[in-house]
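Put chain H on the given structure of chain C with help from the hints.
First to last, the sequence lines map onto chains C and H.
Quick note on this note's numbering: the first sequence kicks off at 1 and runs consecutively.
Quick note on this note's numbering: the second sequence kicks off at 1 and runs consecutively.
None of these hints come from the bench; they were simulated from the model.
Please read these numbers as outputs of a predicted model, since none were measured by experiment.
Beta carbons are placed, not taken as given, at the ideal position from N, Cα and C, and that holds for glycine.
Be aware that a few hints might be false.
Among chain H residues calculated to face chain C with C-beta under 10 Å, some are [unchecked claim]:
1. Ile15
2. Ile22
3. Ile30
4. Leu35
5. Val85
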Amino acid sequence: MVSLLKKVRSDPYLTINIVFAGVILLIIAYSGIFSPVKNNYPVTCFHEQITGEPCVSCGLSHSFSLILRGKFDEAYEWNIYGMRVFLFFMAQLFMRILFSFVYARNHDSRKQLIIFDIVASIIIFFLAFHQFLVYIIKYS
Amino acid sequence: MEENVKKSSGQNLGIAALVTAIVTFVLAAIPCVGLIAIIPGIIAIVLASVGLSQASKNDSPRGLLVAGLIIAIIACMISFSQIFVAGKIAEKANKWPNRIEEIVNDVQSDVLKDLEDANVSIKVQSGDEKVEINTNVNKKDREQTLEDLEMDKKSDNDSATVTISIGK
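Just chain C, same shape as in the assembly (with noise of 0.2 Å):
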């Protein structure tokens, strides 16, 4: 156990890995915590406070909350951009705990492991946020 936490610690990609896998878990963990009926989000759209005017990603903790529960009509009620965000989120948690494992295993090819695992995330990056840099690229 000591000698993985110090084979993780050494090396900056499979630390980082696991980082972001403890972030993706707290983001889920947020969902799962506050909840769509008590209505008892702590983060409140800044655009809507500003302007009053509801923008493309509000609801979207809602959504979450309503995916993590199994309801994905209500889901996408509330964002329909929502399923989208999530699943780009889950994608994220397996390839961080699956590429580490493949990493770890495989010392030839870590440099093409990177370039993979770069490659790929950009692109489920932009296909799950494409909506959202959209509407900021037309309003700026």
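Here is chain H on its own, set in the frame of chain C:
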């Protein structure tokens, strides 16, 4: 041993900067929380800059640090652009100027209403002597007074007419 320390100098800062920068980038891409992303973005830039200065002193690898710095700068730019996004949406929705005008009008009408129906009470007390003046500027009372005055004027005019006819 010393060479290893030299090589890993700035590496931990690089990891921290890269992680913070990527988290900032994801946050900046979400319009709801995009504005807050500027804070971790600045933290990431600072971490990467400090790491880069350490790395350049010890001649250690800078890949992570440069990647962290670039991603943080792009994320900060996206986050900063959210200010313009908010401005444009407000402008499009015609919210800000209208709201300010509405607020001013509301305050003005409230003040006028308060003044119209105000009851003024002045009390002056000096030792045992006490003078109290009570008056109201009620709109209804003022209208009544005006009507009374008009009626008086009218009756005066009527009497004047009568006087003239007698004169003929």
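For each hint, the structure was consulted:
no.	hint	result
1	Ile15	5 Å, holds
2	Ile22	7 Å, holds
3	Ile30	5 Å, holds
4	Leu35	5 Å, holds
5	Val85	4 Å, holds
When each numbered hint is compared with the structure, no violation occurs for any of them.
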